[in-house]
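One letter stands for each residue in the lines below.
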Amino acid sequence: MEAVLAILIGLLVAASVYLMLAKSILRFLFGLILISNAANLLIFAAGRLTPGQPPLIPEGADAPFGTVANALPQALVLTAIVIGFGLFAFALVLAWRAYTELGTLDSDEMRLAEPREGGS
Amino acid sequence: MSWLLAAPLIIPFAAAVAAFLLRNGPWGRRVSVAGSALALAASVALMVTVLQEGVVAAQMGAWPAPFGITLAADLLSAVMVVITAITGLAVAVYATGDITERQERLGFHALFQVLLAGVTGAFVTGDLFNLYVWFEVMLIASFGLLVLGGSKEQIDGGVKYVLLNLVSTILFLSGVGLLYGMTGTLNMADLAVTVPEVENQGLVTVVAMMFMVAFGVKAAVFPLFFWLPASYHTPAFSVSAVFAGLLTKVGVYALIRVFTLIFTGDTGYTHTVLLWVAGFTMAVGVLGAAAQTDFRKILSFHIVSQIGYMILGLALYTPLALAGAVFYLVHHIIVKANLFLVSGVAHRIAGGTELGRIGGLYKTAPLLAVLFLIPAFSLAGFPPLSGFWAKYVLVKASLEAGNWVIAGVALAVGLLTIFSMTKIWGEAFWKPHPEGTDPRLSSLPAADRRALIVPIAALAALTCVIGLFPEPFVAFAERAAGQLLDPEDYILTVLGGRPAVPVQVAEALP
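Just so you know, the sequences run in chain order H and G. Just so you know, we're using this note's numbering here: the first sequence kicks off at 1 and counts up by one. Just so you know, we're using this note's numbering here: the second sequence kicks off at 121 and counts up by one.
Worth double-checking, as some hints may not be accurate.
Take a look, some chain G residues computed to stay more than 10 Å from chain H by CB distance [stated by the list, open to error]:
1. 322
2. 400
3. 403
4. 407
5. 561
Ranges between beta-carbon positions, derived for each pair [unchecked claim]:
6. H:109 with G:147: 38 to 46 Å
7. H:92 with G:134: 26 to 34 Å
8. G:439 with H:92: 43 to 51 Å
9. G:343 with H:92: 25 to 33 Å
10. G:270 with H:30: 18 to 26 Å
11. H:109 with G:134: 41 to 49 Å
12. G:343 with H:93: 27 to 35 Å
13. H:3 with G:316: 23 to 31 Å
14. H:81 with G:273: 27 to 35 Å
15. H:5 with G:319: 17 to 25 Å
Simulated from the structure, these hints should not be mistaken for laboratory data. Think of the CB as a built atom: it goes at the ideal place given N, C-alpha and C, for glycine as much as any other residue.
Next comes chain H alone, as it looks inside the complex (with noise of 0.2 Å):
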């Protein structure tokens, strides 16, 4: 399980990085939440895999028997997931006006802030 999900993310990885080399900012954007998923995915793997066996505590118990699921990954997980939606919201936000502002999407076009030598 855990090899099926380390091939995935490299997966993840790999094509986010191809998409971010891209000039279009939207492509960078696409690649930025497919990194971000896979960074998610990351720290889940990272607190083990525990299929089935989920964090609860059996009434009058104090703590759970056995091996359970780790729930602060997932927790941090959830915190991630939320941050990365509204920065990712923001940046989305920002490319559109970049593109009625600026009338372009190519990040090598968008010069205005630092004007090559000699005008243009």
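With the hints as your guide, set chain G onto chain H.
Frame of chain H, contents of chain G only:
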């Protein structure tokens, strides 16, 4: 104890809410200034306690470490909180004269306070994932501030700033995940105990490098700094100043924290990489600045170059070098924020920041000229200003470590810094204004003039005080460095004097 640590965080958040609700009138900015002043008082109280009692720590929600979120302050954290509050207050006052009503209605003061809360949070947290959260708080506020007003330049700079910072954030998050997978804890003090016990130390070094790259992007070190000169000259001047003063320094702080507390197993490798990074950051930053002809762009490249000095202190990893890094951090925040504030006034009265289009400030605005010279010479390292002592300590530490090359680089970069500063001086101050106008401070409305000049003068005075009486500050930096190199006190305070065994922690519950 927990209030002492939480107050510098709660006050800016409360001020942010109030400033947002009052954003349509003059009370918004008053709340912002009052909130910053209160935060300064709270952080001084924290500083006094840390000086008297050593490291302080508080467990949020009374969950014992290492399970809950810990706030902890040693001398480095405390001084960073104080300096954040000082910069925050100076910029909050400056903003009352600099920020337009439209930007206020868009929520400038609220975002500004959230930014200060995020920065302060990053300095006092004792938990790695919590550090990530504070980075995000800081990041989202800085995104808002950067594009506030929405001019084309701001959008352009904002795209690069946002996208590159998001990548670094994800790298940081992945590093946190892997470290948790190896050690089962995220509490920094607990990590300091458990990381050396990890069997596969090679993997620890890999994770250390992930953190180095992630924080390196935030700190704008070579070769990861390109977002900084692309964006820092575009927003409002108050925003530039607070970014220049604080944001990159959070990255430097995070580097110092993790590479003195957690990743100390393979210093021969990690700190050598840092040394190279430091040298290139200093040199590339200063050369980049030499090629620029815009007031703010020159200053932006100098941020990069100065970051190199702080990384140098960390990379040498001797008590004196770390003391130099701490001293440099404090000095640099004050000086850099001040220079950006000066550039804002120059923009207001001379009509631009492009050096070819302004001039004549020395003749008609001598007060501003003096207030520029103090931080500019301090940045370049003239005695008796604060920058001289900061550079002196670092160069001395490099020589003591037998590292002649890096000492030479540090000195040469200082020289080139003088070149850039004299370029600004010659163009903006000495040369007559190309359009023949006389830029005067008296052309500003009286209220604006006070709001703009008072914080600049206060920060310049602080630079002089540090420069003229460096001894207590250096002694303080040495104590802070001593705590960093021997984190026993930090670890014991955070973990409550107990080894991190769950059973014992449970017994110690109140």
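Here is what the structure says about each hint:
no. : hint                         : in the structure
1   : 322                          : 17 Å, holds
2   : 400                          : 21 Å, holds
3   : 403                          : 20 Å, holds
4   : 407                          : 15 Å, holds
5   : 561                          : 29 Å, holds
6   : H:109 with G:147: 38 to 46 Å : 43 Å, holds
7   : H:92 with G:134: 26 to 34 Å  : 31 Å, holds
8   : G:439 with H:92: 43 to 51 Å  : 48 Å, holds
9   : G:343 with H:92: 25 to 33 Å  : 28 Å, holds
10  : G:270 with H:30: 18 to 26 Å  : 24 Å, holds
11  : H:109 with G:134: 41 to 49 Å : 43 Å, holds
12  : G:343 with H:93: 27 to 35 Å  : 29 Å, holds
13  : H:3 with G:316: 23 to 31 Å   : 29 Å, holds
14  : H:81 with G:273: 27 to 35 Å  : 33 Å, holds
15  : H:5 with G:319: 17 to 25 Å   : 22 Å, holds
In this structure, every one of the numbered hints holds.
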